[in-house]
Structures are given as structure tokens and as C-alpha cells.
Amino acid sequence: NAGVTQTPKFQVLKTGQSMTLQCAQDMNHEYMSWYRQDPGMGLRLIHYSVGAGITDQGEVPNGYNVSRSTTEDFPLRLLSAAPSQTSVYFCASSYPIPGQGSDTQYFGPGTRLTVL
Amino acid sequence: GIQVEQSPPDLILQEGANSTLRCNFSDSVNNLQWFHQNPWGQLINLFYIPSGTKQNGRLSATTVATERYSLLYISSSQTTDSGVYFCAARSGTYKYIFGTGTRLKVLA
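These protein sequence lines map, in sequence, to chains A and B. At position 65 of the first sequence (counting the first as 1) the number is 65 in my numbering, and the numbers step up by one without a gap. At position 79 of the second sequence (counting the first as 1) the number is 195 in my numbering, and the numbers step up by one without a gap.
This is chain A alone, in the form it adopts within the complex (with noise of 0.2 Å):
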């Protein structure tokens, strides 16, 4: 298994580019997520997605877009670039643990945004 996939690795962007970040895991998780770190502020949930077309806000929604018309896939998109979304960002997947009502998030490796 591949696991978790995220493409690009680094993107330079110019204020108001619109791009979109890919997602893709190959074990059949129903949960996708996305998140943004910045320095000292740890991981913040952006959006996620308990399963093929079902997706809901998280911390810091504003920006970015999202859609889950598979379950291995889940796109981020953002529609106009902002210096302030400068960050690093991370796609997790997740399955629940039978019997534990848990689930353990496996990440991707990461995409560097940079927009100018």
C-alpha cells in the first residue's frame, strides 16, 4: 500500500491564483481530513469527510473548498490564494476500530504552500 499520497510537495502561488491540492489513499478509510500547520500553532482542522459525498467544516474552513466523490480521493481547493494561507498543509486518513467507537489517523507527508 501506498498509504496516504498528497501532490504537489511544494507550490508557489501569486495572490488571487486558484489551485488545488490532491488527497489520495489506498486503504479504503471512510474518514479523510485536512489540516494546516503553522509555527507554534500546531495542526488546525481545515475540512473533513466521514465518507464518498459527505464533508463538513472544521476549525478554518474559510478559503478552501472540498469534495469526496470517491472514497479514496479528497481535493482541497483554494479559490483565490491569500499570503495569509502560507502553510504547510496534511491530508490524514482514518477507519474507526471495531468495538473502540476509535479511529487512528495516518498521514500524508505534506504539501509546502508558499503565495506570494
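Read the hints as simulated data drawn from the structure, not as lab findings. One should not assume that every hint holds.
[As the list claims (entries may be wrong)] SDA-like mimics (lysine to any residue), calculated; alpha carbons at most 20 Å apart, straight line:
1. A/Lys9 x B/Asn154
2. A/Lys9 x B/Pro155
3. B/Lys170 x A/Leu116
4. B/Lys211 x A/Tyr64
5. B/Lys211 x A/Met41
Keep in mind the model is a prediction, meaning the values are calculated, not measured.
Add chain B to chain A, keeping to what the hints say.
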């Protein structure tokens, strides 16, 4: 929403030393996880531990849910333990809240 605080923010150890990292959370949780982010940025799941104690090699974790804290113990630290340790908590929905992390540096 739930708040998660970690301490200490930074820690420097000599190789072979032991350490304890703390995670406090503001509300009851149904999921508490510890992660290690290595110097290359990769996040690795260490423990799922909403309550009780677990051990994995030189690492162990204890969560006292009634007192709203979790501890991560690292024994006989090695340089490869360097990085940032995060705890993340979830209460109710799928939304995980991460602490700001403890940055650990182990010196040879």
C-alpha cells in the same frame, strides 16, 4: 470547543535520559492520540489512548480521563526521538483538536 494544551513547549535531553510530556484537555474526550513529527515533517501515530495506559517499546502513555490529562513517557531517549510531539483530542464529532506540541531535541 475543546482546548488542548501541551507542556513543556521545548525540551533538550542528553541521550539516555528519560522524559515526560504532558497534554491537558478542557473537556471529556472520546479519542486522544499522540503523534511524533520527525525532523523531515512526517507525522507518525504513536498511541490511541482515551484512557488507561499503553506501552510500545521505550514509549508509554497514560491518560487519566477524569482529570483531563495525558502523559507521554520516553525512556532511554535516543537522537532519533528528536522532533515534535503532538497530542490531539476529539470530543463527540470527528473534529480533532491538536495541541501546539512539545519540541524535543536529544543530544548525542
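Outcome of the hint check:
1. A/Lys9 x B/Asn154: 17 Å, holds
2. A/Lys9 x B/Pro155: 16 Å, holds
3. B/Lys170 x A/Leu116: 45 Å, violated
4. B/Lys211 x A/Tyr64: 17 Å, holds
5. B/Lys211 x A/Met41: 17 Å, holds
Comparing the model with each numbered hint stated earlier shows that hint 3 is the single one that does not hold.
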